Amino acid sequence: MIPDWLRSIRERFDAHAPAFFVDHPAPPDPLRASAVLVLFWRDPTGAIRLVLTERAHDLRSHAAQVVFPGGHIDPGETPVQAALREANEEIGLETLTVEVIDELPGIYLQPPQAAVVPVLAWWHSPHPVGVVDPREVRRVLLPTLDQLVDPNQRFTATAPGGFTGLGFFVEDLVVWGLTAELLEAILELGRRVQPWDESVTHPLPYRLLAAYAGEFQTPS
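Just so we're aligned: 831 in this note's numbering is position 138 of the sequence shown, and the numbers increase by one with no gaps anywhere.
Worth double-checking, as some hints may not be accurate.
What the hints assert, rightly or not - Distance ranges between label pairs, derived from CB positions:
1. V886 x T851: 15 to 23 Å
2. L724 x P696: 35 to 43 Å
3. Q774 x S892: 38 to 46 Å
Think of the hints as simulated: they come from the structure by calculation, not from any bench.
This structure is a prediction, so every number in the text was calculated from the model and none was measured.
The beta-carbon is built from N, C-alpha and C at its ideal position, and this holds for glycine as well.
Given these sequences and hints, build the entire structure.
Next up, the structure:
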């Protein structure tokens with residue numbers, strides 16, 4: 694059964710959209726568009742979990758990032774269709790085991806002049822998933838909601854050049870950037886966020902910055 698806090702997210706969004714969405718609205722016809730699947734589920738112990746992936750480390754874009762399953766919206770596809778197709782191709786998710794809760798408004802990133810549409814969903818019939826194409830996905834992560842909202846797993850991420858942003862520790866990895874901002878917005882809408890100490894900082898690992906040499910003053 695879908696938790697009430699997940700079902701209420703769109704109503705709360707319409708009443709008061711998170712600043713991240715307000716500050717980055719997607720245009721009607723973006724140059725590029727993709728969709729991500731924000732997929733929650735309940736494991737046999739009763740714990741609610743989220744599906745994340747670690748991207749392969751040698752990709753040309755967003756290498757080594759921890760992200761939601763998803764990808765480019767092909768011509769003729771809806772964001773929901775694209776998010777489910779990509780999740781099937783990346784981790785073997787059977788689309789009929791998923792109930793889509795809502796499609797949230799797109800977020801516009803500039804650069805790279807691309808819109809990202811979050812698709813909120815519930816995995817009603819969980820089954821084993823894993824890496825389908827290691828050239829794209831390195832690892833599947835299934836953190837619990839309790840881990841994600843644990844104040845001890847939250848921090849302010851820093852990078853050369855004065856960058857600061859949201860950060861989550863998930864197992865031995867770091868969630869930051871778009872994924873962290875979107876996750877934070879959804880947790881806030883669901884009223885799941887716990888107070889955490891924003892003065893706690895951790896530098897982003899270099900492997901996460903290598904693809905952003907034009908933005909951060911990283912080592913040569």
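Exercise for the section: Tell me, in ascending order, the numbers of any earlier hints that this structure violates. Expected result: none
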